[in-house]
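K.L.:
Below, each chain spelled out in residue letters.
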Amino acid sequence: MIRFLLIKTGLLIPTFLGVTLIAFIFIRLLPGDPIELLAGERGVDPERHARLMAEMGFDRPYWEQYLGYIGDVLQGDLGRSIVTRQPVLSEFLTLFPATIELSVCAILFAVTLGLPLGMLAALRRGSTLDHGVMAVTLTGYSMPIFWWGLLLIILFSGILGWTPVSGRISLLYFFPPVTGFMLIDSWLSGQSGAFASAVNHLILPTIVLGTIPLAVIARQTRSAMLEVLSEDYVRTARAKGLPPWRVVGVHALRNALIPVVTTIGLQVGTLLAGAILTETIFSWPGVGKWLIDSISRRDYAAVQGGLLLIASVVMVVNLIVDLLYGLINPRIRHRG
Amino acid sequence: MATTTPHMPDTSRPPVLDAAELAGAPPHPLVEFWHYFRQNHGAVAGLVIVVLLIVVAVLADVVAPHAPYVQDRGAFLVPPVWQEGGRWDYLLGTDATGRDILSRLIHGARYSLFIGFVVITLSLTVGIAVGLVAGFFQGWPDTLIMRLMDVLLAVPSLLLALVVVAILGPGLFNAVFAVALVYLPHYVRLTRAAAMGELSKEYVIGSRVAGAGLARLMFRTVLPNCMPPLIVQATLGFSSAVLDMAALGFLGMGAQPPIPEWGTMLADAREFILRAWWVVTFPGLAILITVLAINLMGDGLRDVLDPKLKRS
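Those protein sequence lines, which keep their order, are chains G and E. FYI, the numbering for the first sequence is 1 to 336, going by the numbering used here. FYI, the numbering for the second sequence is 1001 to 1312, going by the numbering used here.
Quick caveat, the hints were computed from the structure, so don't treat them as lab data. The beta carbon of each residue, even a glycine, is placed where N, CA and C say it ideally should be. Some hints here could point you the wrong way.
Partial selection, computed: residues in chain G whose CB lies under 10 Å from chain E [claimed, not checked]:
id, residue
1, THR15
2, ILE295
3, VAL314
Generate the whole structure from the sequences, applying the supplied hints.
P.N.:
Now the structure itself:
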């Protein structure tokens, strides 16, 4: 297992270096030179420009600059935002919990609905229920989620007035952030109604972000389940006279879960891309909205850092999924 | 062979008779394809909708009741015809500047379908070329290409497209390029895997022994046998391309207003969501129907062309 872990981690190094290279090239591919970009709209006089070029190392050869950049990155220095003057890393870390909170809720929503739906569809194969699940999930899979979010706002916020339109919690409540996760912080604050308000703000974004993963998970569960149900060991279990719930829940489900776990892991990239759209629609103060705002403010230092950090998060999560996969499926692990 | 032509003495030699003259000869591949494709009702429905959309897009100038850019100063935010205050000359209502929504949707079909087509053609062609190179030249070219694709895959698709658009500047063509780049790794990986599977087969070795050059081996011998999964991926990729382009338009990074691209229309409509539901609802519905139809069609294609992937 340790060998497996080391190999899998080692394979990440070239990918990570590649991503740093992309982030490094990104700033240099933008029209205009880096100092002008970093100065933003204020501009700099030529003398100061030359001094800054030398100071920040932009006059040195590219490979030297790149090595310097990697050195900085490994020390956690991702540069400073042009707009706020804050270190990019600390900005990202302040906003990231909001994105994690939303993503975790979305994936929980997708799994708790998707798994049973997929299983039911597989068990009642060919029934109206099965066709219904397949039709609904295909629609969910094809959904432009930015539009889906707007529709839900029209219905639940506009017509019914049940949920708020934007933000993480009502402005009535204020308490210092402890964990950065609004659900936990509002609970800890002890103010009555704070937790309910946080939940209320989470519902629509969770549904919107969870829709595509839900569809993918339900479909994957269904097909994995169908495959497993025709295996010999399931027939054996049935023949032994085990109760149906045991055959399905223990013998079939555990084997069907293997591809499903991978699918859930692979949804993380989709989830972060979806977070950009979802957070924009609901003014959710997470890294997705921050990235879009940074792009439109031409805050390229922030975009560069954000790109690197998000890609790293995706890589780490994929690694964890790979390891989990090896853990539940020894065949993969021993093949190396 | 032996059962249909018992009088033939040597079955190992190629048949003397033309295949089509034999009873029970296999049908033309296209006929066979249609036979299986048509059994999937969803796929046929998807195909019909896609064909309709293409017809509407091509004939947009004839079909659309109004010009997509003309503003009617007497008709701001007119609701759809079935709602109170609706007008028959604006079936789906008008937007905040008095433009007919139906006409803009019809013209928007041009953009969405054409964009999807260009994106897929671009990334499919480049992806096939790069994938074949990776598959044929094991060793460092292969390693280099595949690591590069891993890097592209590590960045969430929409984020990568946004970054490319940030470099090139917002706009329709830059967005097309960005999305094409995002989809490239899928085609490279598929082509490489399929090519490597074919390379060790006897017909390729035979062709090589017969003196076929590299280009011939790549494009005439191996590529046709790699096509089925690529066609399936391209169809499903088409729908993702339409979605991603609409998302870029929605974020203000794709087609720029007043182009009637569906995503861009939605971005324009956002501020009216609580006042005029129709401005928001119809462009999104158009995106959903298009993507859904292409996905239905793609599912059907996969079941026929790539039975290994069949979702049973």
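K.L.:
For each hint, tell me whether it holds in the structure or not.
P.N.:
Hint check results:
1. THR15: Holds. Min distance 5 Å.
2. ILE295: ILE295(G) check passes; min Cβ-Cβ to chain E is 5 Å, inside 10 Å.
3. VAL314: At 6 Å from the nearest chain E Cβ, VAL314(G) passes the 10 Å test, so the hint holds.
In summary, the structure agrees with every hint in the numbered list given earlier.
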